[in-house]
Every structure is written in C-alpha cells, then in structure tokens.
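*Asks:* Below are the chains, spelled out letter by letter.
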Amino acid sequence: MSVLIFTSDNQELEDNIARETAQHLGYKTLNHTFFDEIAQQYSLDPSKLREAMTTTPSILKRMSSKLWHYSLSCVETAVLDRLLEDDIVCWGLGAHLYVLVVSHVLKVRLVGGDGSAAVTDTKKERLREKWSMMAWHRKEADPRLYDLVINLDQIKPDEAVSTVAATVAYPRFKPMTYSINNLADRALAAKVKNVLLKTLTDIQVHAQNGTVVVTTTCLKREKTKKIAAIKEIAGQVEGLGYLEVHWNVDRVNEASIGNR
Amino acid sequence: MSIVTISRGSSSMGKAVAEKVAATLGYQVLSRDLLLNASDKFHVSQQSLLQALHDAPGLKDRYKNTKQIYIAYVRATLLEMVAGDNVVYHGLAGHLLLKGLDHVLKIRIIGNLENRVMRKMREDGIARHEAQSLILADDAQRKKWTRQIYGVDPADNTLYDMVICIDKLSVDDAAQFICGAANSTAFQSTEACLRKARDLSLACNVKAALVTEFPEVGITCEYGNMLLYATEKIAHNGKFKKILDSLKQDTPGIFNLEVHAGVPVPLDAV
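In the order they appear, the protein sequences are chains A and B.
Sequential numbering of the first sequence, starting at 1, is according to the numbering used here.
Sequential numbering of the second sequence, starting at 1, is according to the numbering used here.
Derived by calculation from the structure, the hints in this document are not laboratory data.
Bear in mind that the values here come from a model prediction, so they are computed numbers and not experimental data.
Incorrect hints may appear among the rest.
[Claimed, not checked] Derived DEER-like restraints, expressed as beta-carbon distance ranges:
1. Gln188/B with Pro171/A: 26 to 36 Å
2. Met134/A with Met118/B: 28 to 38 Å
3. Gly180/B with Glu125/A: 23 to 33 Å
[Stated by the list, open to error] Derived lysine-lysine pairs resembling PhoX-like cross-links, with alpha carbons at most 25 Å apart:
4. Lys139/A with Lys144/B
5. Lys130/A with Lys143/B
6. Lys28/A with Lys168/B
7. Lys143/B with Lys139/A
8. Lys143/B with Lys123/A
9. Lys196/B with Lys156/A
10. Lys144/B with Lys123/A
11. Lys174/A with Lys66/A
12. Lys143/B with Lys124/A
13. Lys144/B with Lys130/A
14. Lys120/B with Lys41/B
15. Lys156/A with Lys99/B
16. Lys168/B with Lys174/A
17. Lys139/A with Lys168/B
Glycine included, each C-beta is placed from N, C-alpha and C at the ideal position.
Model the full assembly from the supplied sequences, consistent with the hints where possible.
*Replies:* As structure tokens, then:
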C-alpha cells in the first residue's frame, strides 16, 4: 500500500523494471502515456508538454519560460493528484524531483544496465542536469534524492525487481496519516500554483495542513493589485483551508524605476 | 563466497551495517586492521597511511609522490587480505582499491545531514555546530581525495552496485539487502574471479616494491605472467633490473616477468 517512483537515464530499462515491479506487486502504473491525458485536461499541445519535460525554455524552440513553467506545473498537479490514490508505480514523469519528504514513497534510481556505466553520455547528462536544476532546483543524479540506487551492470533486472518489492514491504514505506497528509499538502500546493501560473509569474507556493502560503515578488505599486488577484484566483481552488500571501519587493525593477 | 565493500560518510551507520552483514554471512570484517597490516609489512607509520587514504594530496605530496607510494602499499596489503574471500571491508576507499574485481559487491551508504549530525553529537558528546562542521569537513576531504587520486566524484552512482539511504531503513533492513545481493550469482566468486584477484594482488605487490624508486611504471598480470610498462631509460636502469630479479626469485606465483619499454601504459595497469 505505497507509492514507488523509478527513474533512470536508460528509458527502456526503466520501463521494463517498473512494469515488472508493478506486475509483481499488483500495483497500478503511471507513466509517460499519462502526458496525453494531462495535455487534454489542461488544453495543451501534447508534443509541447513532452518537450517541456526534457528541454529548458528557449526562444529558438518557441517555448517561452511562462509556458514551460505552466507545462511543468500541469504535470506536477496531475501526477500528485493521481499519487494520492496509492498502490502506484510511477516513472517517466519526473515525480522523483517534486515528491520529496513523503515517507511512504520509495524512490529508486537505476543506473548502468547496458554496460555503458563507464562510457556515459556526458552531453545528455549535462542537459538533463540543466533541466532538473532549472525545473526543480535539484540535480537528478544526486543519490541523496533516492532511497535506493541500483547499478544494473552486475545485478540482474529480476533481482532488482525482487529487492525493490521487498523494500516497499518495509513498515517505513507504509502510508501513515502524517505522510498521506504531507502528500495531500503537496498536491494542494501544486493545484494552487497551477491556477496562479495561468496568468501570473514569480509564484512560490507551500502548504501545510490545508493552509496555503503563496510568496510572490513584484513592484511596491503593484503589491495590492497582485495580492488581490492571487486571493481571488487561488480562493477558487477546492480543498483550500486558509490562504496567506507573502510579498517580496522586486528590488531590480524597483531600482531601475528609481533611476529613471 | 564474495567480497563486500561498504563506503560511507562519517556517522552514516556504515560500521553497524558492515558488522551485521558480516555476522549474517559469516564473513570476516576488515577496516582499520588494513592499516595495521600495511604498517607492519612496509614499515610505515599507521598515521602516515591513514593520512594518505583520508587527506587530499598537498603540494609536497605532489612532488614527492608520497600519496602514491602509501596507496600502493595499502592496496597491495588489502588485496592480500581479501584473497581468501568472504570479507566485508568498510574502511576507506575500498570500492576504488579493489577496482577491477567482478565478485566485489560495492555498496555506498548515505544519510541525511541532519540525522548524521544528531548521531555524531550522540556518539562523540559534542555540540551541534561542532558535529556539523566535522562531518562537512570530512565529506569535503574525501571528495577532494577521490577527485585528485582517481579523478572521480565519490557521489557518482556508477561507482557502486547499490547506494542505500539509511534514513528510512534500519541497520537490519540495509544488511538484509546487502546479504541478498552478495548471495546473488553475479557476486559469487568463480575460479576466474579468484585467479584475477591473485593476479591483481601480484601486480600490486610488484608495484609496491617499485613505487618508491619508479612510480611511473605500470604493471599488468595474467596467469602469473607479469608485464611491466616502463620508459627506455627505466628499462635499462641497473637498480630496476636488480629489483625485478629479486622479485622474480622471492615472490611465489610469478611465472614470467617481461618489461615493455617505451610502450604506453594500458588503462587497467596498476
């Protein structure tokens, strides 16, 4: 009765092991095929959504920063909403980068497996690192993000499946009231951020026990207007208990206006 | 029937896990005994060997090759100690010193900084800020050492067979994983693995004998046939020839010793 998240640079390997584990445990699966459903739900172009999950915003690629952040937020919201259902094996949706500190989620990274551990594709690695840093301010290859990292150069895939299946059975990975609430708070924060990112930028959202704190940055003269807009938009989100808006002064733009 | 190396940061419960694994599998635990044996064998102080394995090379080390010499001594001793198989090593740099052996299960144990600090405070009875700075300084030193000596980052996942975060697991759970992996077919020692370990041990012993005078010589060994890669100048050096003759006579297991002069040193040479 838990959530399992797999990640690997080798997509084929990730797909095979995640599917086998789901089959072994009798869990549901959530993977890249979910992108089409997300795109339909949020009226986005599925190809643009997939592109946002692999590349950073660029004018040349006709992917603005606003659209990129909104696309990522749509994926995060939809995935977190689905993970609340429990008994799921999830992969290919970047969930390991935004589902942190939820104790009943087991995060597994798979490395090697194709004998390529010694000859790593540094360019691909660099692009992936750039993407994960820009999207969620975390390095995807950092082992501290995971509960278990398995190198498949010598360990066989079926042994990896049985190890992961045995791990998920440990009491620490069972959902508890605290960890379920933690995941629910993350899902709520993602929902609020998603509705705000439709029209606004520079938004950070945190939630705890149903209380949502939105932090934004803007000019002093826009403060009242922006706070009112945030309260109005976020207030419509279902499940919101209490909303607090924190404001930081945009010092760069404030200084440039002052010097005019 | 295999070798397990457990790499960990300070206060990451690596020692407890290693002892539990050894007890479960009936293996021998090795850690600082390595330094004791190396110190006896090569007549170097334990403190110097510990520094060579822990602290990154300073300016003086770079000119005098002291790190390289001590690491060669430690590696030669470790390979002799693990030759009997069924060993759990949880000392410094095991995964790098035993590189090239297929039946070595390389484990890294990591933990959240907050929990490590708490453990350090409990173990050493020190204040929070002191515990944190000690852990961070130790991590930085190990990172620098691995980068300078082996050119790799210790946080690189591909250096290990398994990286386990100890925060959500108990010592017993972590040990259970490791025992499961150690019992898998991939890490069972075959005749070929044991022969490779013997060859590597011979090559490391020859390296240890030569490293003080001729640190740049590369050595490979297959079925007891030793190939030494040296420059023309070294190959014709009288002292070098004399050391090789005595090694050939005194070291059991060496069938043949051949010097390749002016040939580039292969990547797998020690």
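*Asks:* If you draw a straight line from the CA of Lys144/B to the CA of Lys130/A, is it 25 Å or shorter?
*Replies:* holds (24 Å)
*Asks:* Could you grab the alpha-carbon distance between Lys174/A and Lys66/A and see if it respects the 25 Å cut-off?
*Replies:* violated (37 Å)
*Asks:* Does Lys120/B pair with Lys41/B here, judged by a C-alpha cut-off of 25 Å?
*Replies:* This hinted pair is violated, its Cα atoms lying about 33 Å apart.
*Asks:* For a C-alpha distance cap of 25 Å, please report whether Lys130/A and Lys143/B respect it.
*Replies:* With Cα atoms ~22 Å apart, Lys130/A and Lys143/B stay inside 25 Å; holds.
*Asks:* Given the proposed pairing of Lys139/A with Lys144/B, does the C-alpha separation stay at or below 25 Å?
*Replies:* Given that 25 Å is the threshold and the Cα spacing comes to 20 Å, the pair holds.
*Asks:* Decide if the proposed pair is consistent with the structure: Lys168/B and Lys174/A, CA atoms, cutoff 25 Å inclusive.
*Replies:* holds (11 Å)
*Asks:* Taking 25 Å as the top limit, are the C-alpha atoms of Lys143/B and Lys123/A close enough?
*Replies:* The given pair, whose Cα atoms are some 23 Å apart, holds under the 25 Å limit.
*Asks:* Taking 25 Å as the top limit, are the C-alpha atoms of Lys139/A and Lys168/B close enough?
*Replies:* Cα-Cα ~21 Å, so holds.
*Asks:* Is it true that the CA of Lys28/A sits at most 25 Å from the CA of Lys168/B?
*Replies:* holds (24 Å)
*Asks:* Sort out whether Lys124/A lies within 25 Å of Lys143/B, counting only the CA atoms.
*Replies:* holds (24 Å)
*Asks:* Range first: 28 to 38 Å. Now tell me if the beta carbons of Met134/A and Met118/B are that far apart.
*Replies:* Holds: the Cβ-Cβ distance is about 33 Å, inside 28 to 38 Å.
*Asks:* Quick check: does the Cβ-Cβ distance between Gly180/B and Glu125/A fall within 23 to 33 Å?
*Replies:* holds (30 Å)
This entry does not satisfy hints 11 and 14, going by the numbered hints stated previously.
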